[in-house]
Amino acid sequence: AQSVAQPEDQVNVAEGNPLTVKCTYSVSGNPYLFWYVQYPNRGLQFLLKYITGDNLVKGSYGFEAEFNKSQTSFHLKKPSALVSDSALYFCAVRDRSNGQNFVFGPGTRLSVLP
Amino acid sequence: DTEVTQTPKHLVMGMTNKKSLKCEQHMGHRAMYWYKQKAKKPPELMFVYSYEKLSINESVPSRFSPECPNSSLLNLHLHALQPEDSALYLCASSPPRGENYGYTFGSGTRLTVV
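So the sequences go chain by chain: A and B. Residue 89 in our numbering sits at position 89 of the first sequence; the count goes up by one each step and never skips. Every position in the second sequence, counted from 1, becomes a number in our numbering once 114 is added.
The shape of chain B in the complex, shown without the other chains (with noise of 0.2 angstroms):
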């Protein structure tokens, strides 16, 4: 298996729902990470876990929270969004420490908050 696989591939909600984007892989890649892409511009990091441990928040707002409960999966839990948060998300793995690797993205989340 060479995928990360992403859920939902669409997600509409509104301003106070609480919803949840998972991730999972099962390459044994022991670094994860979440990016948020507006279109037609780079994604932009938004967290890294390694070894299930969170090791870089790039100053998210907490209405974002990550989790990572095992070594195959992340989860993106989201809580009273707004319209500007709507976005790509995208998750990707990769071996930790393994620069010279380049990371697998899933094929994202279409996310829509109205």
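Okay, chain A solo, but in the shape it has when bound (with noise of 0.2 angstroms):
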């Protein structure tokens, strides 16, 4: 079976700073890996995914993540964060040998401080 961590509920960083939200999964093929945001009494927003090729995604708002194969991580960063990045983001991961659904992360929710 598939699964998703996310070993930090809660990260505080400085506005400006450089930010990381971990994520590591489990899952018996080869993942496709992906991260949302939600905002306050909204729905899901698509982040970035990887699915194959370089291992660095870049995706909206300046994020980035790294997928690291060998320990089975997928962590969400940006260079300089922004008070407007504090949100809930979501790591997910689909089995590439199983199709259809997503299994969510339990969500961190991240607050940069001016």
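Hints are supplied without guarantee of correctness; some may be wrong.
[Claimed, not checked] Computed cross-link-like contacts, DSS-like style, restricted to lysine-lysine with a CA-CA straight-line distance of at most 25 angstroms:
(1) Lys154/B - Lys49/A
(2) Lys49/A - Lys22/A
(3) Lys154/B - Lys136/B
(4) Lys58/A - Lys77/A
(5) Lys77/A - Lys155/B
(6) Lys58/A - Lys22/A
(7) Lys167/B - Lys136/B
(8) Lys154/B - Lys77/A
(9) Lys123/B - Lys136/B
(10) Lys155/B - Lys22/A
(11) Lys22/A - Lys152/B
(12) Lys132/B - Lys152/B
(13) Lys49/A - Lys155/B
(14) Lys22/A - Lys132/B
I should point out that these hints are in silico values taken from the structure, not numbers from a laboratory.
Join the two chains into one complex using the hints; note that each chain is given alone, in its own frame.
Below, the structure written as structure tokens:
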């Protein structure tokens, strides 16, 4: 069975500093990996995905993530955080071998302090 | 059109009421999903429709009844709900068998059962 862990419930970072939101996964085969962001009382917005190819993927709003197969990780990063980045972030995985459905991580709340 | 539209945005209903949630997309996606999300938790899959046919029901109580009248519309009929059913209900869509695609989520319906 596939699973996703986000080891930090909460990440606090000062505006202008780099941020990292951690994600590790477990799948039987090769993964498709995704990051979504959720602002209060809103649906999930797609940030970026890893399918194949370059391990460093770039997404929306200046975010990027690095796929590390040996560590089964897909950490989300941004070089310089903005207060407006404060939100709930979900990592998700789809197993290539069984198709359809996402498994979401528990979420990490990011607070960027002015 | 690259959106999933959900109506209503907010709904308050009594335990004896019957109401419906509506979801619409015009991206040509043939897979549509209902998720339930409690506060500060990841979305939980309820139902999956593929080509207008119910393909997955994650053991959801019968007081929730999904319907997919056509390839663009997805409804969730509600009857005799309990207060613990209060949550954000999210609709999503994706290309069928498009495992390398992310889901497009709607903004959700905030449901309160009184």
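Hints, one by one, checked against the model:
In summary, the hint linking Lys154/B to Lys49/A is supported, as the alpha carbons are separated by about 23 angstroms, within the 25 angstroms threshold. Taking the CA atoms of Lys49/A and Lys22/A, the gap is about 15 angstroms. The hint holds against a cut of 25 angstroms. Taking the CA atoms of Lys154/B and Lys136/B, the gap is about 24 angstroms. The hint holds against a cut of 25 angstroms. A distance of roughly 10 angstroms separates the Cα atoms of Lys58/A and Lys77/A; the hinted pair therefore holds under the 25 angstroms criterion.
Straight-line distance between C-alpha atoms of Lys77/A and Lys155/B comes to about 22 angstroms, which keeps the hinted pair within the 25 angstroms bound. At most 25 angstroms may separate the alpha-carbon atoms for a hinted pair to count; Lys58/A and Lys22/A meet this at roughly 16 angstroms. For the given pair, Lys167/B sits about 17 angstroms from Lys136/B by alpha-carbon distance, which is consistent with the 25 angstroms threshold. Of the pairs offered as hints, the one joining Lys154/B and Lys77/A holds, with about 21 angstroms between alpha carbons and a cut-off of 25 angstroms not exceeded.
Proximity of Lys123/B to Lys136/B is assessed by CA-CA distance (about 10 angstroms); at most 25 angstroms being required, the pair is judged to hold. Annotation: proposed proximity of Lys155/B to Lys22/A holds, straight-line Cα distance about 17 angstroms (limit 25 angstroms). At most 25 angstroms may separate the alpha-carbon atoms for a hinted pair to count; Lys22/A and Lys152/B meet this at roughly 22 angstroms. A hinted pair counts as satisfied when its Cα atoms are at most 25 angstroms apart, and Lys132/B with Lys152/B qualifies at roughly 21 angstroms.
For the hint pairing Lys49/A with Lys155/B, the CA-to-CA distance comes to about 21 angstroms; that is within 25 angstroms, so the pair holds. For the hint pairing Lys22/A with Lys132/B, the CA-to-CA distance comes to about 42 angstroms; that exceeds 25 angstroms, so the pair is violated.
Hint 14 from the list above is the single one not met by this structure.
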